[in-house]
Each structure stands twice: as C-alpha cells, then as structure tokens.
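Residues per chain, in single letters:
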Amino acid sequence: MGKSLISGFSGGVQVAKAEDGNDAGYLLLSPTLAVMALTLAAPLALLFLYSLTRTTGPVLEGGATLAQYAEVLGREGYRALFWRSLDISAVVTLATVALAYPMAYFVAFHAGRRKFLWLIALTIPFWTSYLLRVFAWKIILGYGGVINSALISIGLISAPLEFLLYNPFSVVVTLTHAWAAFAILPIYVSLEKIDRSLLEAATDLGDGPLRRFLRITLPLSMPGVIGAALLVFVPTTGDYVTPTLVGGPQGAMIANIISVQFDRVGNWPLGAALALASMAVVGVLAMLFVAAARAAAKAAR
Amino acid sequence: MRNRGLLVYAAAYLAFLYLPVLFLPLFSFNASQYIAFPLTGFTTQWYTALFADTAMLQALSNSLKVGVVTAILSTLLGLLAAKAVTQYRLKGTGTALGFIGLPLFIPDVVLGIALLLLLAAIGFPLSLATVVLGHLCLCTPFALAVLIARFEGFDRSLEEASADLGENGWMTFWRVTFPLMLPGITASLLLTFITSFDEFLIAYFLSGTDATLPVFFWSQLRFPARLPVVLALGALILLASVVLVVLAEVVRNRGVAPDKKTIGA
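Residue numbers (the numbering used here), protein chains in the order written: chain A, 134 to 434; chain B, 1158 to 1422.
If you're looking for bench data, these hints aren't it; they were derived computationally from the structure.
The reader is advised that the hints may include incorrect statements.
Rough simulated footprint, nothing fancy, chain A against chain B, three-plus residues with beta-carbon under 8 Å [stated by the list, open to error]:
| no. | stretch |
| --- | --- |
| 1 | 1181-1193 |
| 2 | 1198-1207 |
| 3 | 1213-1222 |
| 4 | 1292-1305 |
| 5 | 1323-1337 |
| 6 | 1363-1370 |
| 7 | 1395-1404 |
The C-beta atom is built at its ideal place from N, Cα and C for all residues, glycine as well.
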C-alpha cells in the first residue's frame, strides 16, 4: 500500500505506448479533473476571494483589500505561531525520520524471511483511530497519567510532574509516534530497492561495514528519506488534533488559530488569509527542501 | 554483533509504537471511569454500554457509509485517471497529475474550510454527502498513486493477445485487464476506506449534524464519564482492523508468489 503510493508519485509517470485517439484519454481523465475542480480548485479560489475582503460589512463587497495579509504579516503573535508550528514540525520530522531509519534498515536487510511479519507488526498500531492514538499520549503524559502515577508509586517523586503535558515537547512526542509509519514505509521501500550486488562489490573492494553504509546504502536510500520527510513535515505543520489535545496554550499551532477564526471568532476573511499564508509557507519550504536535497544528492555523486 | 544491536533497537521501537496504543484496550476493561492508574478492577460494563449507545452506533454506521462510498468513488476516479495517464500520450499530463496530487501538500484544515466556504456560498446543506465530497478530494490522489504504480507494471501485450485470440473488448476487460488490476484496486479501496474512516478534521467542518465516528469521539473527549465507552469502541476497531489486515496479507501471500527472494546484506 504505502510502497506503491510512494513509487507512484516519486517515480513519475512513464508514459507507455502512445495510442491513437487522444480524445479518449482526455475523456477518461475528465471526471477526475471535474471532481478535483469542484472540491479543490473552486474552494481554494473562493478562499482566496474571501482573503481579499474586509472583516466588517457583508463579505464579497467593498472591493479587494490586502488588509488581511497585512494583519497576518504584521502581528507579532501570528508570526510567532507560524514559527513555532514550523519549528515543531521540523523537530518532529527529524526525530521521526532518524528513529524510523534504523527500523526500516533492520526490516530491509536483517528481517530475513520474517520481513512481512515485521511490516505488518509495524503498521498495526496505525489502524487505531488517529484521535485515540493522540489521546493515548494524554493518558501517558497527563497529571494523573501513566508516567506520573508510576513515578509516585515507586517513590521517586511526591507530586505529579506538570511539565510532561501541554507544551511543545508533548506535541513533538505525540506527533513523532503518530506519524512513524509515514517515515518507515518510504525508507523501507528505497532500501529494499537497492541492488544487493552493489553492497557485495563494495565489500569485495575493501569497504568496511560503516564505509559501505555511508557510500552505498545511505545515498541510495535518500529518495525514501526525502519522501518520508515530506510525508511527515507537510501534514504535521497543519495538524489540529494533537496541539489541541496535548499542546495546551504553549503548544498551539497554525491549524488552531485558523479554525478559531471560522469557529468562534467568526472572522472568515482573516481565517482565509491565515490558511492561504500557511499553505504558501509550507509549499515553498517543501519545494526548497526537495531542491536542496536534490542538489546535495548531485554534489555527493 | 551489529545484528544484535539492531534487533534490540527494533524491539524497543516496536514497544514505543505499541505501548500507547495498548493503553486503550487496557483502560476499556478498567472498572473506574477515570482514565488513570492504579487500575481498580476488571469489568466489561463499558462494552455492554457501548452496544446500548445508539448515538455512537449511528456515528459508526455514518463512518462506514462515508468510507465505503468514498473508497468506491475515489478508486473509480483513480482508475480512469490512471488509465488515461499511463496508456495515452496526453499533453499536460504532468500538470494534471500535479493538480490532482495537490491535496497531499495542503493541510486538511485548509481543505475542509475552503470546501465549507464554497458549500455555504452556494447554500448547499451539510450532510454525509458533503463529507464524501471532502474525502474524495483527500482520497483520490492516494487512489491514483496506487493505481498508476499498478498500471505501469501492466503488460499491454496481454490485452492485445486477448484481442488477437478473438475476445471482444468487454471479455478482454473481464478476463485479462480486471484480474491483473485487482491487487491494485484492492489496495486502493483499502487505503481510501481507512483514510476516510479515520479522517477527522474535514468531516468536522463538513458533517453538519450527522457526526462521523471521529467527530463523535471528539465531542465525547470533553466528558470524562464517556471516555471508557469511547475506548471500548476504539479497542474493538483496532481488533477488527488487525483481523482484516492479517487476513488480507495471508490471502495476498497465498495468491502471489514473492517476486524477489530476500537476501541479507
């Protein structure tokens, strides 16, 4: 599942044999494009329109204005929130990929005939509801939670530790757990694809295990690492459930402030501007990351 | 030596993945309604309460409906588009794929809110159908990615051979194309179903008064007294998915011989 998902997008599309009658091809493509136009393009266009309107007065009246963007960029609080979201996601991405790599390496090279068993075992925890998985961390880190009650019962502490929950740390821990599968699978796929004779060749030519890993395995698995990093970074910056459940006021992220504009505050134009700004920031960062990774891969060759 | 270290790491990592998840079934059998240690005793009362909870069962049925419809429609859309981009040389294929893949790079909160704005602007009432619309946007890229990968490995000469041997287009589809595509279709249905079934944020904005299961869970997390029942259903869903995944893998491994022998490095 994850395997084909990754290769589907990262491998690009190799167009098979050309066929006469391209009209039939466009006809096949059109229902999907129509649905995506209705559910993606039109809503985003409308979101953009809203972001150009004023907060007061009827929406879509009174001419376009950049006031909302000025508000987004100008207010210290929003800038800080953007930075914190990106910061948290960057740490989560780093931690998730670093923790997943050895695991994926083990499955790809050392799990032997039990490879499939390991892959199933690694994905089963992700079949529980995402909400409940996040909630489980609240049980673990909370005031009367698993860690605190365990530490109190063995007498290490006398009062519950309060720094475990409701801060950026708890958000990082929870997200690192919640998105692990999205890092393990792409890295595993890229390691699995490595031609084993290259490794034998490196050994025959006198490379030790570490040199061989650094010169062959790691560079060849970089597509998987980059894919994993994107698959974790992009959705975690926009995550709503985790910061809301375990983040507290100091762990709030972009999605919280966006949804508040539509829920409680009722300031749709500002919410629209915040949403588009966050989308743009994440999109640009993701593209920069891919470009940097590609350049690094070329330089290493 | 290196092997041993990796094995220990792998076991520790597995524990990290499983421990939090296992607290859900654990507390679903705990007698106290408070989710905290120490455990107070064994009970199955939360499971009994679960089957009497009509609101939760309604939410479960809503999620199953949305999941099934989303899975079938997004897989169908993915199938058409995957055939178009792999078997025809179309201008603008890259742009079209980039456009369809866009939701993968947009936070769910933005997708949900944008669609909500559109529906509000045209005065379309929120219902399970609007949740399906939102989930189609999210799931079609997944379906397409899975199916493109499958089509790329597809040998068109098999279809041509079937035609040469006198089968008509319909029979060729049923006897050649469909069986070959079946693993891809199954994978796509599974992936899109589970994505839709578990999706919270888009459903939260688009569901109106018909809550899906995650939306219902979310509304219950505020009330401590309701938590054990939520955990009981969570544990049952986990159990059902484990059985499903293991069955699917067993069937898959029986049906298809592994294409590559595993070689240790």
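Cross-check of the supplied hints:
1. With 5 residues bearing a CB less than 8 Å from a CB of chain A, the stretch 1181-1193 of chain B meets the requirement of three and the coverage assertion stands.
2. Counting residues of the stretch 1198-1207 of chain B whose CB lies closer than 8 Å to any CB of chain A gives 0, so the stated coverage by that chain is violated, three being the minimum.
3. With 0 residues having a Cβ less than 8 Å from any Cβ of chain A, the stretch 1213-1222 of chain B misses the three-residue criterion, and the hint is violated.
4. Counting residues of the stretch 1292-1305 of chain B whose beta carbon lies closer than 8 Å to any beta carbon of chain A gives 9, which meets the minimum of three for the stated coverage.
5. Only residues whose C-beta sits within less than 8 Å of a C-beta in chain A count toward coverage, and the stretch 1323-1337 of chain B has 0 of them, not enough to reach three; the restraint is violated.
6. For the stretch 1363-1370 of chain B, the stated coverage by chain A is not satisfied: 1 residues place a CB nearer than 8 Å to a CB of that chain, which falls below the threshold of 3.
7. For the stretch 1395-1404 of chain B, the stated coverage by chain A holds: 5 residues have a C-beta nearer than 8 Å to a C-beta of that chain, and at least 3 were required.
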